[in-house]
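**Student:** Sequence:
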Amino acid sequence: MYSNYNGDVMTNETYDRFVERYESGQLPWADELPPPEVIDLVPTLPPGRALDLGCGYGRTAIYLAKHGWMADGIDFVEQAVDEAARRAAVAGVAEQTAFYAGSAATPKEDHAVYDLAVDIGCMHSFSDALLEEYRDSLKRVLKSGAIYLLFVHIRDESQEGRPHGIAKGHVETLFADGFTLDRVEHGSTQVEDRPPWESAWYWFKRN
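Following our numbering, the numbering of the sequence shown begins with 1 at its first residue and continues without gaps.
Each hint can be trusted.
Below are the EDC-like pairs computed for lysine to aspartate or glutamate, each with C-alpha atoms no more than 20 Å apart in a straight line:
no.: 1; residue 1: Lys205; residue 2: Glu37
no.: 2; residue 1: Lys66; residue 2: Glu37
no.: 3; residue 1: Lys168; residue 2: Asp156
no.: 4; residue 1: Lys66; residue 2: Glu32
no.: 5; residue 1: Lys143; residue 2: Glu133
no.: 6; residue 1: Lys108; residue 2: Glu133
no.: 7; residue 1: Lys205; residue 2: Glu133
no.: 8; residue 1: Lys143; residue 2: Glu132
no.: 9; residue 1: Lys205; residue 2: Glu172
no.: 10; residue 1: Lys108; residue 2: Glu78
no.: 11; residue 1: Lys168; residue 2: Asp182
no.: 12; residue 1: Lys143; residue 2: Asp115
no.: 13; residue 1: Lys205; residue 2: Asp40
no.: 14; residue 1: Lys108; residue 2: Asp82
no.: 15; residue 1: Lys66; residue 2: Glu83
no.: 16; residue 1: Lys66; residue 2: Asp40
no.: 17; residue 1: Lys168; residue 2: Asp128
no.: 18; residue 1: Lys139; residue 2: Asp177
no.: 19; residue 1: Lys108; residue 2: Glu132
no.: 20; residue 1: Lys143; residue 2: Asp110
no.: 21; residue 1: Lys66; residue 2: Asp31
no.: 22; residue 1: Lys139; residue 2: Glu172
no.: 23; residue 1: Lys139; residue 2: Asp182
no.: 24; residue 1: Lys168; residue 2: Glu198
no.: 25; residue 1: Lys205; residue 2: Asp115
no.: 26; residue 1: Lys205; residue 2: Glu109
no.: 27; residue 1: Lys66; residue 2: Asp115
no.: 28; residue 1: Lys168; residue 2: Glu132
no.: 29; residue 1: Lys205; residue 2: Glu185
no.: 30; residue 1: Lys205; residue 2: Asp182
no.: 31; residue 1: Lys66; residue 2: Glu95
no.: 32; residue 1: Lys139; residue 2: Asp128
no.: 33; residue 1: Lys108; residue 2: Glu95
no.: 34; residue 1: Lys143; residue 2: Glu109
no.: 35; residue 1: Lys108; residue 2: Asp136
For the record, the hints were derived by calculation from the structure and aren't laboratory data.
Keep in mind it's a predicted model, so treat the numbers as computed, not measured.
Based on the provided sequences and hints, a complete structural model is requested.
**Tutor:** This is how it looks when you write it as structure tokens:
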């Protein structure tokens, strides 16, 4: 299922950069399967309704749908959303998924409906103001007890300007109200031949 969501879509350099990535086909997140952290989480939860934030080509939503979930995906690049819907149809889960073009900071639901939210490298591109809006939106759409799985790049404060990523410790501060941090794993990520950078996975529970 594909629906066009006329929410707030970022039109700044971040949006332009991602559109260029999709047009070039250089997409580290274009794999068929989601990361192992998602795959390992699925057997521990009863199927419910999930939200894939910054869904890209829909690999997380499609994987969840194959395992009994109803999954919504949202991304601000329409090309990604179109391809996600196509892949869901090919995978036979079109009726279990819905994809929307819009901002992951403002999901279209206006009340608590989701049992799981997954963000693999989306929110760390947001401005500080948009991070707060994103947090408040998650508090609104997640049920009490829902799981929020987050992957982020950690910003190196020694670099000049505002490098890509989120400052160390800011995730914990941002979600201190309304969420309980169950687990965090710090590591490093390397894409292609670029130098590695610090990253982290977070497992939160909605209070």
